[in-house]
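**Student:** Chain by chain, the residues:
Protein chains: 2
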Amino acid sequence: MRIVVDAMGSDHHPEPDVAGAVMAARKFGDAILLVGDEPRIAAELVKHDTTGLSIEVIHAPEAIGMKDSPSAAARDKRNSSMHVGLRLVREGAADAFVSAGNSGAILAVATLRQTGLGRIPGILRPALGVVFPIDSRPMLIDNGTNADARPEYLVQFGLMGSLYMERMHDIHRPRVALISNGEEEGKGNQLIKETIPLMEASDLNYVGNIEPKEFVRGDADVAVVDGFTGNIMMKTAEAVAAYMGETIRKYIMAGTRTKIGGLLAKPALQRVRDQLNPDEVGGAPLLGVNGVVIIAHGRSNAYAIQQAIGQARRVAEKGIVSAIAEGLSKTRTD
Amino acid sequence: MRIVVDAMGSDHHPEPDVAGAVMAARKFGDAILLVGDEPRIAAELVKHDTTGLSIEVIHAPEAIGMKDSPSAAARDKRNSSMHVGLRLVREGAADAFVSAGNSGAILAVATLRQTGLGRIPGILRPALGVVFPIDSRPMLIDNGTNADARPEYLVQFGLMGSLYMERMHDIHRPRVALISNGEEEGKGNQLIKETIPLMEASDLNYVGNIEPKEFVRGDADVAVVDGFTGNIMMKTAEAVAAYMGETIRKYIMAGTRTKIGGLLAKPALQRVRDQLNPDEVGGAPLLGVNGVVIIAHGRSNAYAIQQAIGQARRVAEKGIVSAIAEGLSKTRTD
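Quick mapping for you: the protein sequence lines, in order, are chains A and B. By numbering that gives the first Met the number 0, the letter at position 112 of the first sequence is numbered 111, and the numbering carries on one by one without gaps. By numbering that gives the first Met the number 0, the letter at position 54 of the second sequence is numbered 53, and the numbering carries on one by one without gaps.
Relax, there's no trap hidden among the hints.
Copies of the same chain look alike in the list, so a pair counts if it works inside one copy or between any two.
Listed below are the simulated SDA-like cross-link pairs for lysine to any residue, each with C-alpha atoms no more than 20 Å apart in a straight line:
#1 Lys249 x Pro266
#2 Lys186 x Asp67
#3 Lys265 x Met252
#4 Lys249 x Arg272
#5 Lys192 x Glu213
#6 Lys186 x Arg74
#7 Lys26 x Arg1
#8 Lys186 x Ser70
#9 Lys192 x Asp202
#10 Lys66 x Gly207
#11 Lys258 x Arg272
#12 Lys186 x His296
#13 Lys317 x Arg136
Source of the hints: derived by calculation from the structure; they are not laboratory data. Since we're looking at a predicted model, the values are computed, not measured.
With the hints as extra help, turn the sequences into a complete structure.
**Tutor:** In structure tokens:
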């Protein structure tokens, strides 16, 4: 297995990106292709013992930052680490691409065949799936690549999410639901209402509309919604979890007795934090592009990068891309 | 002040609805008009000491349940407690209407002049505002009445929310933001993109696009979005907060040491729970209808009903309805 890692991706690149790549090379025994500014990567690599590891550095003179406009960067920075890295996958020189960089830019570069991988034939729009780090590990798709979606897109998102969850999480016939503002008939916006009959007519294991409460409870394995709502839903979950954590800490620290209680309860609170750590479920797969792409959090540390690389190799191993191509031809999604 | 309370509203009606009405009559000294099934209301009332309180019971032979289709119920159940109660407000026999019932039905009945109050002249669509029980007490509007919205609606939601927060929360020139999937230019769905220039051209204190993180941090006083996304955002926040609370409890109870810690830290955890209790901020104002309507949570207890009544009387006192009518004529929102 040969995995491309964008060394210029994370908020603190190239440090965590390189460190995570070294950890992954050791853990999984794969060949890692680190793409980015060669001198900076080399300066990081010397900090690690890489004896016996297969790590190759490929120079890319440009880098796309978090502030870059995705479309402009995709068009103009043809020698960015993203462009160079995705070309390696397109040309068959690598099996997967991992980046903790600007997700809009990764999407833009990856989606066009000209700059990256292009779409799997028949896929209308790629979508970003995110597995939530809650007990039931449900996937929410799309998480922001299609702010405006159409019913046919949503059905394909359901198919892609379903194949991913089936193969990656060993779920037989994953339950696919639409996220809506109510389960009752007549609920939903125009998009959801128009998607329901398409879902019902598809071969997916469509279980109906669910609200966020049911999503959190685990009533579906794959919850489908447009990228605008999905992104806001995911970010609301993150923001509320962070807010609650901070508020609990603040109130515990406010009194001596509660502070002692907090100290004793610490292992339990730490367990909650560990469980809700998105790094544990890895990065977000960009599904529908013609190759394996995993987008890690911008604030990834080395461990998160290692996990994203582990996830990328599994996605490649499980043949998710060809499964989607086959699934599209076999499944009625229209 | 005369406040109508729907006795058939909450999940456990009429018990909490009547009990909350009695508490409010005592606390605020207002006249309460309890509308619903007279024998059932009477059977509840005898459980309370109502000496010296002004509580009137008005019989309504029908009730709209949580499972009723809002539009069908609005059309067919003309003698429901909602219909009868809202007519009292329309006819000037009462100053406000409070219900913990089916919010879709309240909206449907209230919005039509024929069955309820009708809209404030010039208002395109009423909207449900919800003040989040987090430190900064921001309002999210709309929370589900308009699953599909148009840019002009959103600007009016901003105006209504702004006037509400100014008068009810004493905020000078409330900061109005649009909820989006990113703050950068080019982010947002079509609706948000088309709303931005209207917001900029309005007289509102528009501060730009914000993500859920900034909303939770308090970067805006009024956050505007379509009712589909707003409803899902609110329900995601509720679901995640509940999930975190349960998970923390579960892990604390799993060990002796952490259990003792939890006991000592209990006051702090209780403080978090109290703070995040939506009852503290009251019900959701239905803004844009031609009268004061407060929608309380279906799972309201007596205290929550009392709080919603207290909120309703303040909305009436502060003249929010006429402020919106005036604001519309004075403010450029198109």
